[in-house]
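S.K.: Sequence:
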Amino acid sequence: MTTDVENDLHTPLMPRARFGENWPVWRAKIIWAAGWFTRVGGAVLGLVLLLLTGWIFLTDTPLGGEPQTQSQIQIAGSPNAPASQRAGDQTPGMGETGEGLAQPLPSQPEPIAGGPRVLQVPQADGLDTSAQDASELPPINSAANAPRFDARGGLPAVANPSLVERFDSSSFVPSLGSNGERALDAYARPLEAGTIMPGQPRIALIVGGLGISQTSTQEVLNSLPGATTLSFAPYGSSLTRWASRARQDGHEYLIEVPMEPFDYPNNDPGPHTLQVGLTEQANLERLHWALSRLPTPIGFMNYMGGRFASEEAALAPIIDDAVGRGLMVIDDGRSARSRVTAVAGENTPVLRADVVIDARADQQSINNRLAQLEAIARERGSAVGVATALPLTITTLEEWTASLASKGIALVPVSSIVRF
1 MTTDVENDLH TPLMPRARFG ENWPVWRAKI IWAAGWFTRV GGAVLGLVLL LLTGWIFLTD
61 TPLGGEPQTQ SQIQIAGSPN APASQRAGDQ TPGMGETGEG LAQPLPSQPE PIAGGPRVLQ
121 VPQADGLDTS AQDASELPPI NSAANAPRFD ARGGLPAVAN PSLVERFDSS SFVPSLGSNG
181 ERALDAYARP LEAGTIMPGQ PRIALIVGGL GISQTSTQEV LNSLPGATTL SFAPYGSSLT
241 RWASRARQDG HEYLIEVPME PFDYPNNDPG PHTLQVGLTE QANLERLHWA LSRLPTPIGF
301 MNYMGGRFAS EEAALAPIID DAVGRGLMVI DDGRSARSRV TAVAGENTPV LRADVVIDAR
361 ADQQSINNRL AQLEAIARER GSAVGVATAL PLTITTLEEW TASLASKGIA LVPVSSIVRF
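Residues in the sequence shown are numbered consecutively from 1, following my numbering.
No lab work stands behind these hints: they were computed from the structure. Glycine included, every Cβ here is placed at the ideal spot set by N, Cα and C. Be aware that one or more of the hints could be misleading.
Under the rule of at most 20 Å between Cα atoms (straight-line distance), these lysine to any residue pairs were calculated in the SDA-like manner [what the hints assert, rightly or not]: (1) K407 / Q218; (2) K407 / A359; (3) K407 / P391.
Simulated restraints on C-beta separations [claimed, not checked]: (4) G408 / T279: 37 to 43 Å; (5) Q372 / E398: 16 to 22 Å; (6) S238 / N179: 31 to 37 Å; (7) A282 / E399: 40 to 46 Å; (8) A282 / L45: 31 to 37 Å; (9) R378 / A151: 21 to 27 Å; (10) R378 / R152: 18 to 24 Å.
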């Protein structure tokens, strides 16, 4: 015998049973309501898609959905600068706290009391990317604006106001001074008198990828000598702090510019990547964004970029702009198809690294590459090596740099290779 409870559990209540004789009427109402909601919902969705499409096409957003960051750079001589860094001070350098880099600047490039005026990028047609023709630059070994160590052995950590122009409301990019002064000369690590003998082999060491990993950046600064040239990725959250520490320790540094590799976008260097398919203006704006991230770079080095560096038409405006702004350009030597030095020509501060020290991150390979670097320096007089901040690399480089003097080889900043 089946109970009423069992019927309720095993036999769902049917619509006809619920609505009785009115079921046909209710069924028609339900069908009409469903159709109405479908039509209205479709119309609303279509309108949203239409508005979104129009916004995409009509809005000037060259960076698309890429993450964006801003870096505020302090200019020497500005009212917010530490007293030791204002214009007219005889010993430019770090403030008491070692920071002094992230204070906001006036929204307009007002003349700075006691110092040269700040140049502004014309905004009518975008950034002024013409800079100055490389043929008009002073000689590579120009002593103009020669750098000096401060009393503590550090280097100026804030930008020279005569060597910048405005990039946006809160940041600046390097610019050639009105008298031919270059950032390359102003921010380079000086060669200490008497430390290099005539004819002595010289090696420049660049350690890149800094600023992202706090641990590895700290280890490099603690372990490697001041003559090591550092290279910062443009994405770090504490870049100004690390750059300030680097200058305090006497380092010169480069900014890394992300460039399109052959397998892009499967292998993506990151936001603001220079791409072959972008316009010249778009790539120049991306270059300027990277250059605006830190106040005292001597130049830039590529990050990845096998494809971009192989395309002369895309590469040439980038090299011309950087050199015209008084910067040097480093090809990290990882791509055999790079045209960087070919595009730059002779008598320009552009060079290609001779050896990628940790292309294979094992001890024997690193040792072999360092021996190769020494051999090139003895044969040619100078050599440039590039490395990353891997723990094994840092440990090996610390021991190797300490041994160079006993081998008769001088460790020099990379700027000296093109300046002298």
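S.K.: Hint by hint, note whether the structure agrees.
M.R.: Here is how each hint holds up against the structure:
Our distance criterion of 20 Å between C-alpha atoms is broken by K407 and Q218, whose separation comes to about 28 Å. In summary, the hint linking K407 to A359 is not supported, as the alpha carbons are separated by about 24 Å, beyond the 20 Å threshold. Proposed proximity of K407 and P391 is contradicted: the alpha carbons are some 25 Å apart, above 20 Å. Taking 37 to 43 Å as the suggested C-beta distance range, the pair G408 and T279 does not conform, at roughly 50 Å.
Hint check: Q372 to E398, Cβ distance near 19 Å, so the stated range 16 to 22 Å holds. Remark: the range hint 31 to 37 Å for S238 to N179 is upheld by a beta-carbon distance near 34 Å. As the Cβ distance of A282 to E399 is approximately 45 Å, the hint placing it in 40 to 46 Å holds. A hinted range of 31 to 37 Å holds for the C-beta pair A282 and L45, which are about 33 Å apart.
Taking the beta carbon of each, R378 and A151 are about 36 Å apart, not inside 21 to 27 Å as hinted. Separated by about 34 Å at the C-beta atoms, R378 and R152 break the suggested range of 18 to 24 Å.
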